[in-house]
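Enquirer: Quick note, the sequences are listed as chains A and B, same order. At position 42 of the first sequence the residue is numbered 42 (my numbering), and the sequence of numbers has no breaks. At position 85 of the second sequence the residue is numbered 85 (my numbering), and the sequence of numbers has no breaks.
In case anyone wonders, no lab produced these hints; they're calculated from the structure. Take the hints with a grain of salt, since some may be wrong.
To be verified - Here chain A is said to cover these stretches of chain B; the calculated rule only asks that three of the stretch's residues, wherever they fall, bring their Cβ under 8 Å from a Cβ of chain A:
#1 45-59
#2 85-96
#3 105-112
Said to hold, decoys possible - Short, incomplete list of chain A residues facing chain B, as computed with Cβ under 7 Å:
#4 E42
#5 G43
#6 L44
#7 L46
#8 K49
#9 V87
#10 N98
#11 M99
#12 F102
#13 G104
#14 G105
On a predicted model such as this, the values are computed, not experimentally measured, just so you know. We treat Cβ as the ideally placed atom computed from N, Cα and C, and that holds for glycine.
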Amino acid sequence: GNSVTQMEGPVTLSEEAFLTINCTYTATGYPSLFWYVQYPGEGLQLLLKATKADDKGSNKGFEATYRKETTSFHLEKGSVQVSDSAVYFCARRVNAGNMLTFGGGTRLMVKP
Amino acid sequence: DTAVSQTPKYLVTQMGNDKSIKCEQNLGHDTMYWYKQDSKKFLKIMFSYNNKELIINETVPNRFSPKSPDKAHLNLHINSLELGDSAVYFCASSQGTGNYGYTFGSGTRLTVV
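Take these sequences, add in the hints, and give me the full structure.
Expert: Below is the structure:
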């Protein structure tokens with residue numbers, strides 16, 4: 001099947017802490033992988049993506065590496081800020097019609 | 001300037017009513033989508049259109065009917081609204097059906113009472 005599994009939240013961190021949000025996917029072939037971020041009251045925004053094995057996507061201090069051997073795409077940031085508080089969604093592309101399958105989302109709360 | 005705009009932003013209506021949500025994108029994208037986000041933030045694809053043609057129609061009650069008058073617009077009409085239809089509905093677009101990320105609208109929060 002085509003599924004994406006994320007760690008359940010909420011994840012609560014202090015400012016400047018290290019962030020990891022785990023994401024794994026079921027593999028049929030080598031799908032493109034994405035991280036989206038949803039700030040309160042807004043739509044989802046593309047944060048980063050990777051299209052093939054060992055690719056590293058990065059943006060705004062966030063990184064994720066496409067790990068074929070573990071079918072994972074974990075999101076990391078070295079030092080979080082209060083403004084990073086949001087819900088983060090991992091997604092994989094399904095070939096048919098560019099459909100994206102999303103994980104259940106992980107809420108991140110960063111305290112000053 | 002808004003890339004993908006949805007109207008209305010909030011919609012409160014009674015059970016049994018019929019309502020529509022409109023979506024427009026000014027990005028020149030060929031493909032548009034409707035996603036439903038439930039109260040637990042879970043996102044599920046409903047429909048996808050490419051150049052006005054329906055290409056994805058997931059298991060959705062036939063009370064939901066999408067309409068795409070042109071490739072810049074994808075509207076969602078819902079008949080006989082039920083309590084379980086309460087959710088946030090997101091419109092999105094992409095350059096095509098290839099390997100492209102989405103641009104999302106800001107969502108329509110539908111509350112059925």
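Enquirer: Hint by hint, note whether the structure agrees.
Expert: Hints, verified against the model:
For the segment 45-59 of chain B, the proposed coverage by chain A is satisfied: 5 residues have a C-beta within less than 8 Å of a C-beta in that chain, meeting the threshold of three. Here the segment 85-96 of chain B counts 4 residues with a CB under 8 Å from a CB of chain A, which clears the bar of 3, and the coverage holds. Interface restraint, the segment 105-112 of chain B with chain A: holds (3 residues with C-beta to C-beta distance below 8 Å; minimum three). Checking A:E42 against chain B by beta carbon gives a least distance of about 5 Å; that is within 7 Å, so the hint holds.
Below 7 Å, beta-carbon pairs count as interface contacts, and A:G43 has one with chain B at about 4 Å; its hint therefore holds. For A:L44, the interface hint holds, since its Cβ comes within 7 Å of a Cβ in chain B; the closest pair sits about 5 Å apart. Interface restraint check: A:L46 against chain B, minimum CB-CB distance 4 Å, threshold 7 Å, status holds. For A:K49, the suggested interface contact is upheld, since its CB lies about 6 Å from the closest CB of chain B, less than 7 Å.
Among the interface hints, the one on A:V87 holds; its C-beta lies about 6 Å from the nearest C-beta in chain B, closer than the 7 Å criterion. Below 7 Å, beta-carbon pairs count as interface contacts, and A:N98 has one with chain B at about 5 Å; its hint therefore holds. The closest approach between the C-beta of A:M99 and any C-beta of chain B is roughly 6 Å, which is under the 7 Å cut-off, so the hint is satisfied. For A:F102, the shortest C-beta to C-beta distance to chain B is roughly 4 Å, which falls under 7 Å, so the interface hint holds.
With its C-beta approaching chain B no nearer than about 5 Å, A:G104 sits inside the 7 Å limit, and its interface hint holds. A cut of 7 Å between beta carbons decides the hint on A:G105: the least distance to chain B is about 4 Å, and the hint holds.
Hint compliance for this structure: every hint is met.
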